[in-house]
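Peer 1: Chains as they are written, first to last, in my numbering: chain X, 104 to 252; chain U, 104 to 252; chain R, 27 to 112; chain Z, 27 to 112.
Derived from the structure by calculation, the hints contain no laboratory data.
Any given hint could turn out to be false.
Quick list of the computed label-pair ranges, beta carbon to beta carbon [as the list claims (entries may be wrong)]: (1) R:Glu47 - U:Ile111: 38 to 48 Å; (2) U:Gly127 - R:Gly54: 52 to 62 Å; (3) U:Trp248 - R:Gly43: 54 to 64 Å; (4) R:Glu31 - U:Arg139: 32 to 42 Å; (5) U:Val165 - R:Gly43: 33 to 43 Å.
Which bits of chain U does chain X cover? Going by a derived footprint, with three or more residues having C-beta under 8 Å, they are [to be verified]: (6) 121 to 134; (7) 137 to 151.
Stretch-level coverage of chain X by chain U, calculated; a stretch enters the list once three of its residues show a Cβ under 8 Å from a Cβ in chain U [claimed, not checked]: (8) 113 to 125; (9) 130 to 141.
Every residue gets a Cβ at the ideal spot worked out from N, C-alpha and C, and that includes glycine.
As a plain string of letters, each chain reads:
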Amino acid sequence: MRDIRVQIERFDPGEELARLEALGGGGVASFTGIVRGEGGLVELLLEHHPGMTAQAMARIAVEAERRWPLLGLTLIHRHGPLAPGERIVFVGTAAMHRGPALEASAFLIDWLKTAAPFWKRERFADGREAWVEPRAGDAAAAARWDDQG
Amino acid sequence: MRDIRVQIERFDPGEELARLEALGGGGVASFTGIVRGEGGLVELLLEHHPGMTAQAMARIAVEAERRWPLLGLTLIHRHGPLAPGERIVFVGTAAMHRGPALEASAFLIDWLKTAAPFWKRERFADGREAWVEPRAGDAAAAARWDDQG
Amino acid sequence: MAAIEMLYFAWVREAVGTGAETVTPPEGVATLGDLVGWLSGRSPGHATAFAEPHRLRAAIDQDFVDFAAPIAGAREIALFPPVTGG
Amino acid sequence: MAAIEMLYFAWVREAVGTGAETVTPPEGVATLGDLVGWLSGRSPGHATAFAEPHRLRAAIDQDFVDFAAPIAGAREIALFPPVTGG
Numbered sequence: 104m105r106d107i108r109v110q111i112e113r114f115d116p117g118e119e120l121a122r123l124e125a126l127g128g129g130g131v132a133s134f135t136g137i138v139r140g141e142g143g144l145v146e147l148l149l150e151h152h153p154g155m156t157a158q159a160m161a162r163i164a165v166e167a168e169r170r171w172p173l174l175g176l177t178l179i180h181r182h183g184p185l186a187p188g189e190r191i192v193f194v195g196t197a198a199m200h201r202g203p204a205l206e207a208s209a210f211l212i213d214w215l216k217t218a219a220p221f222w223k224r225e226r227f228a229d230g231r232e233a234w235v236e237p238r239a240g241d242a243a244a245a246a247r248w249d250d251q252g
Numbered sequence: 104m105r106d107i108r109v110q111i112e113r114f115d116p117g118e119e120l121a122r123l124e125a126l127g128g129g130g131v132a133s134f135t136g137i138v139r140g141e142g143g144l145v146e147l148l149l150e151h152h153p154g155m156t157a158q159a160m161a162r163i164a165v166e167a168e169r170r171w172p173l174l175g176l177t178l179i180h181r182h183g184p185l186a187p188g189e190r191i192v193f194v195g196t197a198a199m200h201r202g203p204a205l206e207a208s209a210f211l212i213d214w215l216k217t218a219a220p221f222w223k224r225e226r227f228a229d230g231r232e233a234w235v236e237p238r239a240g241d242a243a244a245a246a247r248w249d250d251q252g
Numbered sequence: 027m028a029a030i031e032m033l034y035f036a037w038v039r040e041a042v043g044t045g046a047e048t049v050t051p052p053e054g055v056a057t058l059g060d061l062v063g064w065l066s067g068r069s070p071g072h073a074t075a076f077a078e079p080h081r082l083r084a085a086i087d088q089d090f091v092d093f094a095a096p097i098a099g100a101r102e103i104a105l106f107p108p109v110t111g112g
Numbered sequence: 027m028a029a030i031e032m033l034y035f036a037w038v039r040e041a042v043g044t045g046a047e048t049v050t051p052p053e054g055v056a057t058l059g060d061l062v063g064w065l066s067g068r069s070p071g072h073a074t075a076f077a078e079p080h081r082l083r084a085a086i087d088q089d090f091v092d093f094a095a096p097i098a099g100a101r102e103i104a105l106f107p108p109v110t111g112g
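Excised from the complex, chain X in its bound form (with noise of 0.2 Å):
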């Protein structure tokens, strides 16, 4: 199974849970990520490149699958206005055994967080705008990949 999906609407992780615990397998791992409140956010915009983000997120998916014997993999993310405690990403993945799954969960979200074109905008209580920078850590923590492919 590998459920990809690029979307506006909100997700309930506890039903893609559920999709993936069903596949037989004897651990599921997932990763969500939420809109920070920090400074005075009241808003998060996810812009990202339509025609570009659903292959982007598959070719990471097909990695995923070479390297770990999964059962399914899920990945979502939103895009579109975002409000603090919103999630914007999920990652799921189903697996007979534990290591796998909780590996490939690691390394989807390093590598979407790099290889996804999307892009965030913070929008603060003050008016103030400001296009979120990439954390350092973030590239190193998709290249600590690249050693073990």
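Since the structure of chain X is provided, determine the placement of chains U, R and Z on it from the hints.
Peer 2: What follows is chains U, R and Z alone, placed relative to chain X:
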């Protein structure tokens, strides 16, 4: 937030995730262990050391909190008879950023496998019963964290 | 020596034939290894359960310990196979 | 050279003043680096957007590429800041 439960009752990963998501962090990671129905398995019986289990799980939680800056941590382990497809164990973590949430959830399930006093007995369709032997990889998976303490 | 509450789990419990018993080991039974050897003489079930000490794990008063651990002062000692939860 | 559909995202889009435009670069504009230099002359907004090429990333026909990539045959070229999704 630290929530540790040893229970016969079922649990709902979606509800557990929602609680962790509400803590204000940017990342929530989870692992759910499920009974596999391989080889004609009809029941998995989880026995535990009632006096010791909650305390052993609390120690594992404290160790995770010492290693990573966590906003929240949930550990649920069921005991009693379980059917194939049922959830056995849930590990959930919330942190400001994804790295600590992901690493702590992998650490917690690795340690639960080797440092919490649970034992599994399998019962098969042909009537055969057998106590599960530890997987050779489990001790190694837990030990890899020793280098990083 | 004071009485010790013994707890047995999984196949150790099945082999011994009970999940709990109170024992009062004699002087000279100083370590957990000594205790396991002494317990083996209590019944054929005990002997079977403790025949291969490398297959056993233990906790004294709910802390994991190895077989060199002294049992002096122990109130509860649990013997069991390697854990397989998670 | 054939027409190329240019796409701009995030602050690159804001600086250029549009998210998409069709351009036909002259002969001699062979690489993506050449193209960015040539685009900088189209308007003050373009010049601002492309003033610091090390802050830009690019995709040709929806594959990430670096600035040495040849643009011959490209139908769509996207210029944008480093991605910050996830």
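Peer 1: Compare the structure with each hint and give your call.
Peer 2: Going down the list of hints, with the structure as the test:
no.: 1; hint: R:Glu47 - U:Ile111: 38 to 48 Å; verdict: violated (26 Å)
no.: 2; hint: U:Gly127 - R:Gly54: 52 to 62 Å; verdict: holds (59 Å)
no.: 3; hint: U:Trp248 - R:Gly43: 54 to 64 Å; verdict: violated (38 Å)
no.: 4; hint: R:Glu31 - U:Arg139: 32 to 42 Å; verdict: holds (36 Å)
no.: 5; hint: U:Val165 - R:Gly43: 33 to 43 Å; verdict: holds (37 Å)
no.: 6; hint: 121 to 134; verdict: holds (count 11)
no.: 7; hint: 137 to 151; verdict: holds (count 4)
no.: 8; hint: 113 to 125; verdict: holds (count 8)
no.: 9; hint: 130 to 141; verdict: holds (count 11)
The structure does not agree with the numbered hints 1, 3 stated previously, though it agrees with the rest.
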